[in-house]
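Here the structure of chain Y is known, so what remains is to put chain V in place on it, guided by the hints.
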Amino acid sequence: MAEVKLFGTWFSPFSRRIEIALKLKGVEYEFIEEDLSNKSPLLLKYNPVHKKIPVLLHNGKPICESFVILEYIDETWECPSIWPRDPYERATARFWAKFFDEKCVPAMWKVCWSKGEEQEKLKEECTQLLKILESVLSGNKFFGPGENIGMVDVTGNFVAYWFGILQELAGLHVFTKEKFPNVGEWIDEFHNCSIIKENLPPKDKLTAHLQARFQAVAASK
Amino acid sequence: MAEELKLFRTWSSPFALRVIHALKIKGLEYETIFEDLSSKSASLLQYNPVNKKVPVLVHNEKPVCESLVILEYIDETWKQCPLLPRDPYEKAEARFWAKFGDEKLLSSIWNVLITQGKQLEEATAEAVQNLKLIEEQLKDKKFFGGETIGYLDIAFGWTVNLISILEEIIDQKLVDEEKLPLLSAWMQNFSDDPVIKDCWPPRDKMIAKYQAMREPYLKKVVSQ
Numbered sequence: 001m002a003e004v005k006l007f008g009t010w011f012s013p014f015s016r017r018i019e020i021a022l023k024l025k026g027v028e029y030e031f032i033e034e035d036l037s038n039k040s041p042l043l044l045k046y047n048p049v050h051k052k053i054p055v056l057l058h059n060g061k062p063i064c065e066s067f068v069i070l071e072y073i074d075e076t077w078e079c080p081s082i083w084p085r086d087p088y089e090r091a092t093a094r095f096w097a098k099f100f101d102e103k104c105v106p107a108m109w110k111v112c113w114s115k116g117e118e119q120e121k122l123k124e125e126c127t128q129l130l131k132i133l134e135s136v137l138s139g140n141k142f143f144g145p146g147e148n149i150g151m152v153d154v155t156g157n158f159v160a161y162w163f164g165i166l167q168e169l170a171g172l173h174v175f176t177k178e179k180f181p182n183v184g185e186w187i188d189e190f191h192n193c194s195i196i197k198e199n200l201p202p203k204d205k206l207t208a209h210l211q212a213r214f215q216a217v218a219a220s221k
Numbered sequence: 001m002a003e004e005l006k007l008f009r010t011w012s013s014p015f016a017l018r019v020i021h022a023l024k025i026k027g028l029e030y031e032t033i034f035e036d037l038s039s040k041s042a043s044l045l046q047y048n049p050v051n052k053k054v055p056v057l058v059h060n061e062k063p064v065c066e067s068l069v070i071l072e073y074i075d076e077t078w079k080q081c082p083l084l085p086r087d088p089y090e091k092a093e094a095r096f097w098a099k100f101g102d103e104k105l106l107s108s109i110w111n112v113l114i115t116q117g118k119q120l121e122e123a124t125a126e127a128v129q130n131l132k133l134i135e136e137q138l139k140d141k142k143f144f145g146g147e148t149i150g151y152l153d154i155a156f157g158w159t160v161n162l163i164s165i166l167e168e169i170i171d172q173k174l175v176d177e178e179k180l181p182l183l184s185a186w187m188q189n190f191s192d193d194p195v196i197k198d199c200w201p202p203r204d205k206m207i208a209k210y211q212a213m214r215e216p217y218l219k220k221v222v223s224q
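As you go down the protein sequences, you meet chains Y and V in turn. Numbered continuously in the UniProt record's numbering, the first sequence closes out at residue 221. Numbered continuously in the UniProt record's numbering, the second sequence closes out at residue 224.
So that you can see chain Y by itself, here it is in the shape it has in the complex (with noise of 0.2 Å):
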């Protein structure tokens, strides 16, 4: 019988992906809670070389890597399909996946964090990354492929959800909906998407949670 596990966290978008990924596909798991300041054996076993979370486990084997784990679960788990069959089609949700990943979501979390000329810096970056997803969704509600929301925007989570909370914490305006008004409205269409919407971190929680990290980092100083 298949076993599935996911090993994450309640506040991490990338646990969350999983989650709809798995839901979205009716696959029945297990969800472990890791404490990130004292990881348990299992997950350094199962992520000997980033320690990280996600861990998906299916029958004993890891996947780490939360987009290496949302391509097995579409391939493993064949319907409904997740991500586009067309070739084309999957190309560009891949690099829109990556352009999420690896240029939004370190940006966009290291300039809450920031000061000074550093700040400024990554704020500029900011700004033109944001430009770029407003130029994508000129025309287009999502980032597709076709009329719906899709796995590529549930990749863009940390944008629509968890950006704008951390920004407000750290007292910025990169990201309002007058400067980019169709990334504004593609946010309001992911929360308006029930299966996002019922795997989001509660607002207020989310909110203590990220505030208590802004609080140490300022005490340590």
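One thing to keep in mind: the hints can contain errors.
Derived DSSO-like pairs (lysine-lysine); straight-line CA-CA distance at most 27 Å [claimed, not checked]:
id, chain 1, residue 1, chain 2, residue 2
1, V, Lys132, Y, Lys39
2, Y, Lys123, V, Lys52
3, Y, Lys61, V, Lys142
4, V, Lys99, Y, Lys25
5, Y, Lys103, V, Lys91
6, Y, Lys123, V, Lys40
7, V, Lys104, Y, Lys123
8, Y, Lys110, V, Lys53
9, Y, Lys103, V, Lys104
10, V, Lys26, Y, Lys98
11, Y, Lys51, V, Lys104
12, V, Lys79, Y, Lys98
13, Y, Lys121, V, Lys52
14, V, Lys52, Y, Lys110
15, V, Lys40, Y, Lys103
16, V, Lys179, V, Lys141
17, Y, Lys98, V, Lys53
18, Y, Lys51, V, Lys99
19, V, Lys220, Y, Lys115
20, V, Lys104, V, Lys173
21, Y, Lys98, V, Lys24
22, V, Lys52, Y, Lys98
23, V, Lys99, Y, Lys61
24, Y, Lys98, V, Lys91
25, V, Lys52, Y, Lys103
26, Y, Lys45, Y, Lys23
27, V, Lys62, Y, Lys98
28, Y, Lys131, V, Lys40
29, Y, Lys141, V, Lys52
Just so you have them, the derived chain V footprint on chain Y, three or more residues with Cβ under 8 Å [claimed, not checked]:
id, segment
30, 55–65
31, 72–85
By construction, these hints were calculated from the structure, which means they are not laboratory data. For every residue, glycine included, the Cβ atom is placed at its ideal position computed from N, Cα and C.
What follows is chain V alone, placed relative to chain Y:
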């Protein structure tokens, strides 16, 4: 419809080499467009407006960007000589290690290029550790793909060329035959493969290029 394939690249880009290897293995004809990254062509900016980088593969006027994305596109579009394993778990492992190569390994190799003295020692140790992790994935196979070159061999192919160039520049071995015997053998097998052999960029030009990239970092240390 006749297939039209164009590859935007530079003469030295290791990531473009991945695409070339894949196209050759699949037996695909393509047109090469060399880019000068200090003066990017209008076509490149049109086909890759987001990152403005090479390589870009344009297939019947549709651009595909990011070398690992291009590899998967090639494999999914032309089914002969498959590059990725069929089994989803083996595929996931290959993708994981390719990402590791592009992130951890590449940055540790870069650190070897730009450091000297004690920092170089530390950078070398870290790079060798990453190479050891990769060597473990070979197990007892000739290539990462098994008997023939596959996705992960192509993904790591840049290390074969760049490491030997770095070793000459810093006058030090990174892949020691005794410490990394399997990886050493793999590098030889990969280089000797008829598909790969003729694709390397001119060695003397590469040495000059990477030496020039290293210089400013060494000068920075001296002037402090």
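Each hint, compared with the structure:
At most 27 Å may separate the alpha-carbon atoms for a hinted pair to count; Lys132/V and Lys39/Y meet this at roughly 24 Å. A C-alpha spacing of about 20 Å is found between Lys123/Y and Lys52/V, which places the hinted pair at or below 27 Å, so the restraint holds. Proximity of Lys61/Y to Lys142/V is assessed by CA-CA distance (about 24 Å); at most 27 Å being required, the pair is judged to hold. In summary, the hint linking Lys99/V to Lys25/Y is supported, as the alpha carbons are separated by about 25 Å, within the 27 Å threshold.
With a C-alpha separation of about 24 Å, the suggested pair Lys103/Y and Lys91/V falls inside the 27 Å cut-off, and the hint holds. Taking the CA atoms of Lys123/Y and Lys40/V, the gap is about 26 Å. The hint holds against a cut of 27 Å. A distance of roughly 26 Å separates the Cα atoms of Lys104/V and Lys123/Y; the hinted pair therefore holds under the 27 Å criterion. Annotation: proposed proximity of Lys110/Y to Lys53/V holds, straight-line Cα distance about 24 Å (limit 27 Å).
Proximity of Lys103/Y to Lys104/V is assessed by CA-CA distance (about 16 Å); at most 27 Å being required, the pair is judged to hold. Simply put, Lys26/V and Lys98/Y have alpha-carbon atoms about 25 Å apart, close enough for the 27 Å limit, and the pair holds. Restraint check: the Cα-Cα separation between Lys51/Y and Lys104/V comes to about 13 Å, which is no more than 27 Å; the hinted pair holds. With a CA separation close to 24 Å, the supplied pair Lys79/V and Lys98/Y stays within the 27 Å bound.
Pair hint Lys121/Y plus Lys52/V holds up; C-alpha atoms about 20 Å apart against a cutoff of 27 Å. Only pairs whose Cα atoms come within 27 Å are accepted, and Lys52/V paired with Lys110/Y is accepted, the gap being roughly 23 Å. In summary, the hint linking Lys40/V to Lys103/Y is supported, as the alpha carbons are separated by about 21 Å, within the 27 Å threshold. For the given pair, Lys179/V sits about 18 Å from Lys141/V by alpha-carbon distance, which is consistent with the 27 Å threshold.
The straight-line distance between the Cα atoms of Lys98/Y and Lys53/V is roughly 15 Å, inside the 27 Å bound, and the hint therefore holds. Our distance criterion of 27 Å between C-alpha atoms is met by Lys51/Y and Lys99/V, whose separation comes to about 15 Å. Taking the CA atoms of Lys220/V and Lys115/Y, the gap is near 25 Å; set against the 27 Å cutoff, the hint holds. At roughly 19 Å between alpha-carbon atoms, Lys104/V and Lys173/V fall within 27 Å of each other, so this suggested pair holds.
For the hint pairing Lys98/Y with Lys24/V, the CA-to-CA distance comes to about 26 Å; that is within 27 Å, so the pair holds. At roughly 15 Å between alpha-carbon atoms, Lys52/V and Lys98/Y fall within 27 Å of each other, so this suggested pair holds. Taking the CA atoms of Lys99/V and Lys61/Y, the gap is about 19 Å. The hint holds against a cut of 27 Å. For a cut-off of 27 Å, the pair hint linking Lys98/Y to Lys91/V stands: about 18 Å separates their Cα positions.
With a C-alpha separation of about 14 Å, the suggested pairing of Lys52/V with Lys103/Y holds against the 27 Å cut-off. About 26 Å separates the Cα atoms of Lys45/Y and Lys23/Y, which keeps this hinted pair within 27 Å; it holds. At roughly 19 Å between alpha-carbon atoms, Lys62/V and Lys98/Y fall within 27 Å of each other, so this suggested pair holds. Straight-line distance between C-alpha atoms of Lys131/Y and Lys40/V comes to about 21 Å, which keeps the hinted pair within the 27 Å bound.
Restraint check for Lys141/Y and Lys52/V: satisfied, since their Cα atoms lie roughly 24 Å apart, inside the 27 Å limit. Under a criterion of three residues with beta carbons nearer than 8 Å to beta carbons of chain V, the stated coverage of the segment 55–65 of chain Y is upheld, 5 such residues being counted. Residues of the segment 72–85 of chain Y lying with their CB closer than 8 Å to a CB of chain V number 3, which satisfies the three-residue condition for coverage.
No hint from the list above goes unmet by this structure.
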